[in-house]
Structures are given as structure tokens and as C-alpha cells.
Amino acid sequence: MKLAVSGSPIRSFQHNATGASHRHGSPIRRRQTKTVRYPIPPYKFNLRWLLPLPVPLRGPPVHLRLGVLMSSLPLPSVIQLGLLSFAMLCSVTVTVEAQPGALDPFSTSPDSNVLSAPRATPILINFFEPIDPASVTADSFWAFGRWSGPAEGTLEVINNGSTISLTPDSPFSAGEQVMVILSEGITAVSGASIQQGGYSYLFWTRAAPTTLQFEQTSSWSTRTIPNVSTRSYGGVGSDLDNDGHLDIAVINEDSADVRCYLNLADGSGQFGSMVDPPSPVNLQASPNEPADFNRDGFVDLVVCNIATDTVSILLGNGDGTFQPQQQIAVGNAPRGVAVLDTDGDGDMDVVNTNYGSGNLSILINNGNGIFGAPIFFEGGGAGERSLATGDMNGDGLLDLVIGMINSGEIVVNLNNGDGTFTESGSEPAVSGTWMLALGDLNGDGHLDVTSVNASQDNCTTNFGNGDGTITPATAYPADNFPLSTDVGDLDGDGDLDWVISSYLGDWFIYLNDGAGNFTFFQEILAPIAASCAVIMDVDTDGDLDLALIDELADVVIIYQQEGLPPPEFIRADANWDGSVDISDAILQLTVLFGCTAVCSCPDVLDSNDDALNNIADPIFLLTYLFGGGSPPPAPFPTCGADPTLDTIDCLFQPPCL
418 MKLAVSGSPI
428 RSFQHNATGA
438 SHRHGSPIRR
448 RQTKTVRYPI
458 PPYKFNLRWL
468 LPLPVPLRGP
478 PVHLRLGVLM
488 SSLPLPSVIQ
498 LGLLSFAMLC
508 SVTVTVEAQP
518 GALDPFSTSP
528 DSNVLSAPRA
538 TPILINFFEP
548 IDPASVTADS
558 FWAFGRWSGP
568 AEGTLEVINN
578 GSTISLTPDS
588 PFSAGEQVMV
598 ILSEGITAVS
608 GASIQQGGYS
618 YLFWTRAAPT
628 TLQFEQTSSW
638 STRTIPNVST
648 RSYGGVGSDL
658 DNDGHLDIAV
668 INEDSADVRC
678 YLNLADGSGQ
688 FGSMVDPPSP
698 VNLQASPNEP
708 ADFNRDGFVD
718 LVVCNIATDT
728 VSILLGNGDG
738 TFQPQQQIAV
748 GNAPRGVAVL
758 DTDGDGDMDV
768 VNTNYGSGNL
778 SILINNGNGI
788 FGAPIFFEGG
798 GAGERSLATG
808 DMNGDGLLDL
818 VIGMINSGEI
828 VVNLNNGDGT
838 FTESGSEPAV
848 SGTWMLALGD
858 LNGDGHLDVT
868 SVNASQDNCT
878 TNFGNGDGTI
888 TPATAYPADN
898 FPLSTDVGDL
908 DGDGDLDWVI
918 SSYLGDWFIY
928 LNDGAGNFTF
938 FQEILAPIAA
948 SCAVIMDVDT
958 DGDLDLALID
968 ELADVVIIYQ
978 QEGLPPPEFI
988 RADANWDGSV
998 DISDAILQLT
1008 VLFGCTAVCS
1018 CPDVLDSNDD
1028 ALNNIADPIF
1038 LLTYLFGGGS
1048 PPPAPFPTCG
1058 ADPTLDTIDC
1068 LFQPPCL
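In this note's numbering, each number is its position in the sequence shown, counted from 1, plus 417.
In case anyone wonders, no lab produced these hints; they're calculated from the structure. Where a beta carbon is used, it is the ideal one built from N, C-alpha and C, also for glycine. Please note that a few of the clues may not be correct.
[Said to hold, decoys possible] Pairwise CB distance ranges, derived in the manner of DEER restraints:
| no. | residue 1 | residue 2 | range |
| --- | --- | --- | --- |
| 1 | Glu795 | Ala932 | 31 to 41 Å |
| 2 | Gly1046 | Gly995 | 16 to 26 Å |
| 3 | Asn1031 | Glu795 | 45 to 55 Å |
| 4 | Ser636 | Gly1057 | 36 to 46 Å |
| 5 | Gly995 | Asp884 | 26 to 36 Å |
Could you put together the complete structure from these sequences and hints?
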């Protein structure tokens, strides 16, 4: 899909959609137009504010003219006059090229790969034509928080049928990655369906700003018999018992099991003793990912067992225990694992690397958490070891990024939408790529790659170009034998920071400057061997903490940090002068239709506290000031923190007067 925008200060907003198809080799084009008049200043056009505008891509051309009549608003004439004098008309042409017959989303909220979505955000998928409501189900459209688990909530078809929405019942966890999945089963009223392979994307939720002062608050051994090793070499920080607090599952190589520790759920960030008995897997269990394989609302696990050439599927019971494993034979020495919808049916499948046999396996889920025999394919290099998934070219299909330890390269395989993958490019790795983690490191909307290189004692970043290729690596020092890379917004400034775990050393923390440049911040000493870090909010205070695992000492160590006080403001005081008057309403209108720096604190503009910034806010404020309406909700009329957890907040600490 291509999008072009132009603007000039004249009388209308024009939205043109052009579709192209091929019949017997000849392109057939048609143009459809909607002309909509909006009151917006000519000096600034905010496309995101105007979307979505549903434009069908089939049928005869549609011509529609709408007028925004400010005089229809139920306000005193003096207020109407002020609003009308503010309104100016400008013309913007938006041209979209798409393929008729394919139901492609043209925008999403939150955006793909965004780094700081509000935790209580609804998920909106916008289309160019009305959607068949019967096709939108909990199996065809859903979301999974990597730590909070499946997002249960309300599904709706809104905006005259052109938008589908999922409003979760509970907020996502702070600073976690969320996967959104749409299956091929979603169809338009016209009969068009989503592209082959469905549509999936990732985003991150906001983490609160912090002091970056980590304090060890607890630790425990994963051993149940003194001096008998468990070899704890993997961890998951998901909500295993559905109480809204994050638990910890530790994967153990020598004891060949998963040991779960439930959060006390009292806000302390403390954990109870091991859930007994542990869940058996197999020898040298390590690589792992959480999922909801059978769509029952509980967190499941997939674990690779390196020594037995198998993958274990553990279906969660929702109480910190799991059903007996399904064990599937794959290739030799499975070393990496990823969870994604490979075939477009809306459920989570599994892909794993097989280091010993030099290939990858796809395990197809039947929708009930039962997996078929592996489908093998080559990754494009030698020694497929580490693995991560994300949309590397922006087509709505999750791709694979593979670390090749023998050929010394990082290879991108693009998803074809039919359960197969095609190599799109590679870059040399420094050497010994042990693990990968993806995220938008430089804020350009494209996924980037972090890796650890065990034989060179360093870690590297490769920026994604957005077309399935990556840039050459930039290297940073690590401790001896780095084997784990994890990213998360540790300081709450809206970018992804970096934690490196080293087998012959300690944990290194690197801070991101927002442009993908990293500065060493802190070394946390390991008892013996730092094996991995789980970046999670253990105390549910909105900022990110650390659960660190030492694989030779067999201990879990919790480091918590204190968040900064919540931003304080006076609701509706848009210009921060300490009083609420007509100048604030005027500034609200300017922000709505032109956007200024005040947008960095949208909460202050939300006069009616409905978690939206729209025309209703200045109307509410003007009605209060001149029409005897209700005052703005708290914090008002004095400065304070917002008592409402909703989808908007302040992105900085404002100067509250």
C-alpha cells in the first residue's frame, strides 16, 4: 500500500482511493473519491487525526460531500462565533494504491512497533470498506501480551463497519511486547478477505519513568535438594494464574522441568515458594516462549529440549500449573524458538532452529494446542541457532530473523503467508551469535536486531531498513561469554534499553539515547554465571524491574526500582498558566487541528476525562466556563495526579503551577 499526502490552504479535504487489479495480464484501474470539508488551519495537516475515512475499493465511484457545521453545536452564539472564526479550510489529497479483492488494513492503533502505547489502550484496525461483523470473533481477532497473556475483552465493529476494535478488560503489563493477530477468516461485506497468511503486528506498552536505582529485594534457589543442580537456564515472566500480577517460570536444563513461582499479588514484588510439583519437560531444556495455543485465556509455554531433539508444549491451567506436555521430535539440537501465526488461521504456531541438523522446523497448531509433525526448511546460512520473529518489511506478516553461528551471519526470512519463508537478506555477524532480540531501537518504526556474540565477548545492533534487510552491525563490549540479550524501557523514556547476560561474567545494562546509540550504565554482579534476564514489572507499579537468573548458582534474583512520582497537572489548563479560561479552549482547538508541543501531555487536554482528545473537550470546557456546565473532573481545580488509569497520560513531568 502506498500513501501520498499533499496540502494547500483552500476549501476542501479530498480523499482519493485508486485500486488496481490484473485481468488476463491487463491492469484495470478505477478511482473513487470522497470530498470532506474539515475546519483545520492551513499551516498544519495531521493525517492521523483525520483517519479513518472508509473508501470502498470496488463498485461504482462514490462522490460524497460533508460539511462540518459548527453552528449545529448546542452552544451560546458567542461561543459558536468564536469557533467559526477559528475554523479555516484546507485541501489535502490522499492517494492510496491497493489491490482490490485483498482486505488490507490501512492503519492500526496502536501503530506497528510503537514503543509506548498506553497500557489500557484499545486495539483498532481500520479498513477501507465495511467488515462483516460475523467474521470478527475471539479466534479471528485477538491480542497476546508477552507477560500479561491473552487480552480478554470486548470485540466491536465500529465506524460504519470499517473499524474493528478490541477493548481489553484489564490493562496490559507495563513495558511488555504485545502481538496482535488477525486471521484470514475476517472478511468484508463485499466478500473480500485479508491477505493470505492473515495480518499480525507487534507493539510495546508504556513503562513509567524511573530513578534507574535498582535494589535487590529478594532471591531464592531453584533447587529442592541441596547441592543437586537444576541448571536454571531460561525464564518467563507471564501471569500464570490470571490474577493480574506477573509470575516467574524457570526452565531448567539438568532437572528437565519448569518450576513456577507465583507473585504474592500484594504489590510487594515478592514471590511464593515453588508450585509443587514442577512440570516435566526434557533434558537440557532452555529456549522458551509464552503463548496461548488453545485460546482458553491461560498462558501456555513452548520449551526446546536441546539434548533430546524435542520441543515440549505445556498448556496452562490458569493456576500456575500445566497439563502434561506434548513432546514433538524436531531436528538435532533445537536452540531457538519463536511463536507466530505462520498459516493465517489465527492461532499461534511454533518455529524452532535446529543447530545440529542445520535447519528449522515449523510446527502447525490445529487450534486446540495440538501440533503436527515438523515441516523442515533451510534458513539460508549455516548453523541455525538463535531465532526471533517480527514484521521486518511492514506487510502484516511476521518474519523470522535467524542467527547463523557457523556461517557467522544474521539472516532475515520473509513470511510468504502460506506457511513458507524466503530469505531476503543477511549481514555478517561478529561471531558466535548465541541469541537475538528484536525491537525498534531508533524510533523509525522498523524493527531492529540485537544479538550477543559469545566467542567475541560483545553484543551488536543491526538496524532494520523496513524492507526485510538490515544494516551492518554496530558492536558494544560485553562481559565474558555473553549468551542472552533482552530489551525493555528501563528508564521509562520511551525507547528500548538493553540488558546483556554473560555466562562467565555479570549482567550489563546499556541505556538507549532514543536514536539507537547505547551507553554503558551499570554492571550487576552475578553469583557465578549470569544466564538470562527477565525485564518485567514485578510489583505492578508501572515501571520495569529485573528478574535475573544464574544458571550455575541456580538462583533467581529480583531487582526492583522506584518509579518517579506521577505527573501532576490541572485538567483543562492547556497553557499551564495555573488557571482555566477561554485561552485554554482556544489552545485545545489549536492542538486538535494543528498540533503543538502541548500534545506531549494529552491528559491535560482531556477536559471531560473520557480518555479522548477531540472536539468534545473544548465544548465541555466552554460550556463549563460560559454555560453553567459541570467542572472538569480531577485533578481540578488544583494540581494533582490523574486518578484514572486510561489510554492517555502525560509523557513528561509538566510544570504544575
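Exercise. Against the earlier hints, flag every one the structure doesn't satisfy and list their numbers going up.
Key: 5
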